[in-house]
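Q: One letter stands for each residue in the lines below.
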Amino acid sequence: MRVHIVSTCHQALLRQAESAYPHECCGLLLGSHDDETKSITHVQPITNEHADDHSRRYLITPRQMLQAERHARRAGLRILGIYHSHPDHPAEPSVYDLEWAWPWYSYLIVSVLKGAAERVMCWTLAHDRSGFLEEPLTLIPNGDDVCP
Amino acid sequence: MSVSILIPSALQPFTQGKDEIPVEAATVEEALAALTQSYPEMKLHLFTEDGRLRSFVNIYVGDRDIRHAQGLATALNPGDEVMIVPSIAGGTGTLEPKAEPSPNLSTEELQRYSRHLILPEVALEGQKKLKAARVLCVGAGGLGSPLAMYLAAAGVGTLGIVDFDVVDATNLHRQILHTTLDVGKSKLESARETLTALNPFVRIEEFPTALTSKNALEIIRDFDIVVDGTDNFPTRYLVNDACVLLGKPNVYGAIFRFEGQASVFWARRGPCYRCLYPEPPPPGMVPSCAEGGVLGILPGLVGVIQATETIKLILGVGEPLIGRLLMVNTLKMQWRELKLKPDPACPVCGDTPSIRELIDYEAFCGINRPAHPTVTADEEDLEISCTELKARLDRGEPIVVIDVREPYEAEIAKIPCARLIPLADLPDRCSELDPDAEIVLHCRSGVRSLKALRLLQSRGFRRLKNLRGGILAWADEVDPSVPKY
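Chains X and G, in that order, give the protein sequences. Counting in the working numbering, the first sequence runs from 1 upward without gaps. Counting in the working numbering, the second sequence runs from 1 upward without gaps.
Hints may contain errors.
Straight-line distance between alpha carbons at most 35 Å, and here's what the computed DSBU-like set of lysine-lysine pairs gives [said to hold, decoys possible]:
#	chain 1	residue 1	chain 2	residue 2
1	G	Lys128	X	Lys114
2	G	Lys484	X	Lys114
3	G	Lys185	G	Lys484
4	G	Lys128	G	Lys248
Quick look at which bits of chain G chain X covers, simulated, 3 or more residues with Cβ under 8 Å [what the hints assert, rightly or not]:
#	segment
5	273–279
6	437–451
Honestly, the hints are just simulated from the structure, not real lab data. Every residue, glycine too, gets a C-beta built ideally from N, C-alpha and C.
Generate coordinates for the entire structure from the input sequences, incorporating the hints supplied.
A: Below, the structure is given as structure tokens:
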């Protein structure tokens with residue numbers, strides 16, 4: 001699937017990834033979708049609940065997901081995926097990411113090198129769970145970004 | 001008994017998009033069995049091979065985690081909501097740090113790039129560098145067409161393209177990314193189709209936006225090299241400044257009529273665009289391609305130079321065009337080279353830069369928004385619309401229509417009954433006009449005819465009108481058979 005993200009969301013998650021450095025940050029990607037495109041219009045930062053190692057792991061608890069899913073349904077939004085940062089690592093999924101991956105969700109990864117967001121890539125689980133496939137990510141301007 | 005299972009969006013593709021599935025079940029286990037019987041593909045994601053729930057799959061009945069009840073044996077009451085709740089985790093933990101991702105080439109790619117692979121200066125290592133490279137093309141127009149096509153053909157792994165324009169018939173004589181069938185389509189869509197057909201191994205990242213001070217750093221940050229294929233000064237200064245601030249090389253090309261320029265601006269290793277041109281020309285002094293015309297092959301020539309320099313930068317071979325401005329005159333077919341030096345007083349890359357963040361480039365270039373020349377109230381009074389002029393001419397009113405364009409333009413398209421007096425000749429030929437007659441002046445779009453109107457005012461003419469939008473508007477509003485150019 002193609003993934004569209006509005007630029008304010010894109011900026012918000014870059015800022016969050018940078019300010020969490022050297023720790024990992026995480027959150028949810030919300031919006032709408034059709035058969036071909038997921039459109040991310042909202043991002044929801046989630047407190048990283050991983051107890052032992054914030055710089056290398058993130059965890060969104062089922063309780064947090066339950067609340068988010070209910071909240072999204074009420075707001076007419078869908079959870080389209082999850083974003084998290086990789087401090088000083090490439091924006092590619094790790095083996096650990098794969099073990100915990102859900103189908104269909106977009107896994108958007110921000111690599112943060114020395115405190116500066118370097119690269120954003122989007123991935124989704126292959127149908128047979130054998131690995132991640134890259135999803136093309138397109139930045140969609142907010143209305144006020146476009147020149148006349 | 002009847003309960004419903006709430007499906008998280010991650011699993012909805014397996015339920016044809018349904019977010020709630022009613023099932024008959026007395027326990028959670030029965031409910032999930034009924035669900036996976038109807039939607040067997042879901043099983044892989046919910047259960048391990050030995051039939052246990054995966055660790056990241058949580059089942060809630062109402063607000064209660066079944067782990068805190070009787071697990072899968074938890075009993076259900078009619079009307080209960082069983083919710084499948086993902087827990088989400090990940091991280092860099094078990095991955096070895098990778099300094100430089102070195103992509104592998106498939107058999108098809110090895111065959112496709114074989115004529116590169118046998119060049120020692122490229123070889124397998126170079127081809128992998130190309131595949132790993134991320135190049136941003138600003139604009140999918142005249143310069144963007146050849147350069148994006150050659151970069152894609154050469155195997156540059158990721159091409160970002162910024163363009164918000166739509167393919168117009170007047171683009172086709174030079175913008176070879178787009179074909180006749182693409183007229184009316186977005187340039188990005190058309191570019192993606194062409195480039196993907198050319199080389200499906202290239203990833204296209206699309207930015208359907210104008211590059212602005214707000215988004216330029218975000219967009220450019222993710223790329224290794226920026227290739228400037230823009231057609232206006234504000235964007236050119238914006239691209240330059242953003243590249244200087246981010247330390248990226250900016251592969252520059254510019255075209256006008258029969259002449260072109262190219263260089264590589266990279267403040268870390270040489271001058272930037274502002275070292276060459278500290279100030280933009282006054283607005284209106286340098287006409288755009290739309291106003292001044294351009295030889296169709298010229299962007300081909302210049303864009304291919306830009307593509308060549310980009311490939312050289314990626315491979316790290318040869319002598320890049322850093323600190324050199326290459327100029328070509330296609331009529332003389334003459335090439336010249338100008339040596340450029342970094343300017344220590346440059347406001348963006350000099351020793352004491354005054355520009356430390358992106359500024360308002362429209363204002364810097366003296367362009368007021370809207371981008372078209374502002375029409376003052378007084379000028380509006382002096383305008384007449386095409387439909388009104390047509391109606392009045394049809395009524396037989398004695399209006400003198402003067403066309404102030406050049407004779408070669410009148411050969412392309414003209415308004416019947418208009419008399420041709422090119423703007424440059426007007427001062428000497430005022431005497432041919434009756435100062436008491438009502439005169440309507442027109443040109444292509446309305447800019448030159450306003451100058452003509454001011455000139456005639458200064459010579460004492462009073463009954464003057466400027467045709468709003470020129471002959472282009474006439475073609476739109478009155479006579480579609482008049483060609484637009």
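Q: Give me the numbers of the hints this structure contradicts, sorted from smallest to largest.
A: 2, 5 and 6
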